[in-house]
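Line by line, the protein sequences are chains A and B.
First residue of the first sequence? That's 1 in my numbering, and the numbers climb one at a time after it.
First residue of the second sequence? That's 1 in my numbering, and the numbers climb one at a time after it.
Some hints could be false.
[Claimed, not checked] Each computed BS3-like pair below joins lysine-lysine, with the alpha-carbon atoms no more than 30 Å apart:
id, chain 1, residue 1, chain 2, residue 2
1, B, 149, A, 16
2, A, 77, B, 196
3, B, 149, B, 259
[Said to hold, decoys possible] The following residues of chain A were derived to be distant from chain B, with all beta-carbon distances above 10 Å:
id, residue
4, 25
5, 82
6, 84
7, 102
8, 227
9, 246
Everything labelled a hint here was simulated from the structure, so no lab data went into it.
Positions of the beta carbon are idealized from the N, C-alpha and C atoms, including for glycine.
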Amino acid sequence: MTAVLETRGLGKRYRKRWALSDCTLSVPAGHVTGLVGPNGAGKTTLLNLAVGLLAPTTGTALVLGGEPASSEEQLAKVGFVAQDAPIYAGLTVADHLRMGAHMNPAWDAGAAEHRISQLGLDPDQKAGKLSGGQRAQLALTLAIAKRPEVLILDEPIASLDPLARREFLQMLMEVTAEHELSVVMSSHLVSDLERICDYMIVLVASRVQVTGEVDALLGSHYQLTGPRCDPATLPEDWQIISASHTDRQSTLLVRSDRPIVDSTMTVDQIGLEDLVLAYMSQASRPVTRHANPASPDQSALEAQR
Amino acid sequence: MIWLSWRQFRTQAIVAGCVLAAFAIALLVTGFSLAHLYSGSGLPGCQGRGTCVPAIQNFMNQMRGSVYAFVFYIGVAIIYGGSALVGAFWGAPLIAREIETGTFRVAWNQSVSRNRWLAVRVTMVGLAAMAGAGLLSLMLNWWVEPVYKATRFAPPDSSLSYGRLSPLLFGTGGIAPMGYAAFAFALGVAAGVLFKRTLPAMAVTLVGVGFVLLAWPNWVRPHLIPPVHQVLRLRPSAIEGFSTSANNSQMTIFAGVHKPGAWVLSDQVVTSAGHVFSGPATHACINGSPQACSASLAALHLNQLVSFEPASRFWPLQGYETGAYVLAAVVLALFCSWWISRRRLA
């Protein structure tokens with residue numbers, strides 16, 4: 001099966017600053033994929049590259065096997081809601097649906113109208129007068145009713161209040177189940193994604209830190225707590241994501257493909273949020289940079305990777 | 001795509017339509033009375049100076065201080081100013097507004113390629129601008145027809161002696177206004193694409209269109225078709241005046257030329273060898289009678305060198321000029337298409 005999103009060495013530079021660099025990943029179809037990372041990590045850049053609003057500086061991006069926005073067929077396969085859910089403020093809700101009908105051959109008018117009435121939106125209302133939540137819902141309705149194979153959403157719920165956020169995710173879950181859609185959505189809040197995502201990409205400082213199915217990620221990461229230990233003595237197939245030491249105690253986040261059995265330490269499963277945060281702080285710590293002349297302790301840690 | 005283009009253009013089209021309709025009514029009301037004025041002036045069917053001179057005097061007297069000049073210059077202002085406004089209010093926001101509000105991300109993610117999106121929008125609004133300008137030109141030409149007929153009889157240098165080839169009036173007749181509208185619109189669109197902001201794009205468009213329309217008649221139009229150069233014998237009656245330097249070593253003669261309907265570009269007094277006559281001043285002209293002065297100048301065998309575009313070149317010039325503007329508009333539109341397909345806007 002073709003990957004929903006496949007990138008190879010993808011990079012985008014604005015003047016001197018790299019917004020995304022050397023991004024290689026593959027998101028299989030049939031998943032609701034969360035793209036997480038702190039603000040400014042390059043999430044929007046990656047998604048804009050995926051829908052063809054930006055051209056890459058280096059590398060390639062393929063969506064459903066095709067070059068983004070390369071043809072009208074390709075455009076028809078991808079539904080996109082940009083950050084802040086832009087809509088035409090001067091057009092009414094009904095106008096937006098009419099626009100969708102005129103501009104998309106596979107437009108599902110019945111579903112669109114049904115959804116608008118379900119949301120309680122007045123078709124004759126100017127879209128500029130809608131609340132943030134209604135706006136996002138309208139934008140999502142537009143993107144869904146064109147009957148895409150993949151839905152790409154850029155921070156769709158960032159500006160919504162908790163209730164609107166829940167309704168939006170609810171609608172998204174219904175739709176993905178109903179139409180067997182693949183979804184790629186970004187957020188800087190893991191808690192939002194935890195509820196609906198089964199695939200995860202963590203992007204920090206313009207680089208992909210970790211990517212994989214949520215279950216597999218959770219199953220291969222362990223939190224270890226125990227007496228203080230020397231990192232150099234740990235098993236070689238452990239990948240230490242984070243380590244903190246006090247005088248007596250060490251706390252480690254370890255990635256390992258084999259179950260960890262350790263008599264000296266307590267082994268715990270880890271939640272998605274903690275896992276993502278660990279990767280984020282790992283990326284922002286200078287010790288992980290290869291160029292830094294590291295202390296012996298740190299280079300031992302480095303060697304473990 | 002056509003639906004969305006029309007939906008976004010609708011309000012602007014209605015506003016422009018109302019302005020055009022209001023002016024059309026003004027033209028209709030005054031146009032019939034102007035035609036009546038002409039037919040009643042005795043100019044149609046006048047024979048020779050005996051009947052024609054009183055008739056044209058009569059016609060000009062009735063025109064003077066009337067509403068006609070006012071209405072006509074409003075029309076001239078709408079054609080030139082309208083082009084600039086079309087560029088600023090239709091062209092500049094066309095893409096700049098989409099970029100400002102982020103809605104281009106909506107438009108470009110429907111199942112329509114962005115070049116088709118651009119092509120439909122630019123074609124629809126551009127053709128509307130050209131149609132409006134063409135209609136305005138047509139109406140104004142119908143209205144002013146009696147005046148142009150009267151110019152044949154008008155004495156030199158009177159207010160009616162400027163034909164439709166004169167720099168100001170040339171651009172208000174024929175098909176040229178359509179070219180201006182197309183160019184101004186495309187310039188606006190391109191400025192919007194480049195600046196990504198509506199207001200700066202509007203300002204640049206207004207200045208740009210104003211500059212091109214003002215500079216064009218002086219710098220470009222005379223070269224569209226090389227003017228006719230004609231050497232005429234300098235008749236005393238053509239001499240309108242002269243000036244001399246303080247010590248009388250230099251003398252410049254001003255001579256008039258009467259070519260109804262033509263656009264006279266330059267008119268110089270030259271010697272029989274073909275050089276521009278610069279003196280010295282003849283003795284008779286310094287302290288003699290005007291008759292003696294005339295006679296002394298006649299003895300110099302001077303000629304008049306006139307460059308002009310004859311009246312018959314109105315339509316060829318219109319064709320070249322409109323073609324140049326439409327070509328510029330097409331080039332600008334292609335530039336916009338290339339620019340947005342570079343995918344740098346997001």
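(Q) Output the indices of the hints that this structure fails to meet, ascending. (A) 1, 5, 6 and 7
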